[in-house]
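Start from the sequences, fold in the hints, and give me the full structure.
From first to last, the protein sequence lines are chains A and B. Going by our numbering, the first sequence wraps up at 114, each residue one higher than the last. Going by our numbering, the second sequence wraps up at 108, each residue one higher than the last.
Any given hint could be a false lead.
[To be verified] Selected chain B positions facing chain A (Cβ under 8 angstroms, derived; list incomplete): (1) L11; (2) V13; (3) P44; (4) R60; (5) L96; (6) I97.
These aren't lab readings, by the way, just hints derived from the structure by calculation. Computed from a predicted model, the values in this text were never measured in an experiment. C-beta atoms are modelled at their ideal positions from N, C-alpha and C, and glycine is treated no differently.
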Amino acid sequence: GAGVSQSPSNKVTEKGKDVELRCDPISGHTALYWYRQRLGQGLEFLIYFQGNSAPDKSGLPSDRFSAERTGESVSTLTIQRTQQEDSAVYLCAGLQRRANYGYTFGSGTRLTVV
Amino acid sequence: QKEVEQDPGPLSVPEGAIVSLNCTYSNSAFQYFMWYRQYSRKGPELLMYTYSSGNKEDGRFTAQVDKSSKYISLFIRDSQPSDSATYLCAGGYNKLIFGAGTRLAVHP
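Laid out in structure tokens, this is it:
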């Protein structure tokens, strides 16, 4: 596709439920990043995947958060037992090999925990 | 202390003004620096990329990095109402760390 695609675009869930967010990168994106953006705030790094290397999970806020990516394809971010403080926009970005380090972002998934 | 500090604004300027947006960072390992623009309810889009210290110009936009003082700047000349957005600075080496973003409003 022409850009990084994220689904769903909006998700409302009840506190305590699990949610799964999906990111479809552009073909050739060797690295994939997840960020969280709370209302009125900057982007908070969560996790990144680089090829077949072990992912850098240093930004995940708790063990309720996990993410997977197989090769250079789709990635899913899972939040278990959601809490109200998890409400935010979750952004995915891809980086092409030999690119000028510019990440291409998707439009995000707006998660609201009620 | 956050790794990248950015004044959240808001910053309001008249059309045609020169806008200066600034950030500081603390991690000496940062090698590349970027500015992103984000419109409401959209993902960030890359404006400028700079590797190490120096200036880079693209149309009305100029990015500056001074690694000795750990200072990142973005200048917008002849600002337009369409420039109204949130501007995010970022630095990093294997992953980008973002500032909080500065909200800019350019009024006609």
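So, going through the hints one by one against the coordinates:
no. : hint : in the structure
1   : L11  : violated, 15 angstroms
2   : V13  : violated, 20 angstroms
3   : P44  : holds, 5 angstroms
4   : R60  : violated, 19 angstroms
5   : L96  : holds, 7 angstroms
6   : I97  : holds, 6 angstroms
This entry does not satisfy hints 1, 2 and 4, going by the numbered hints stated previously.
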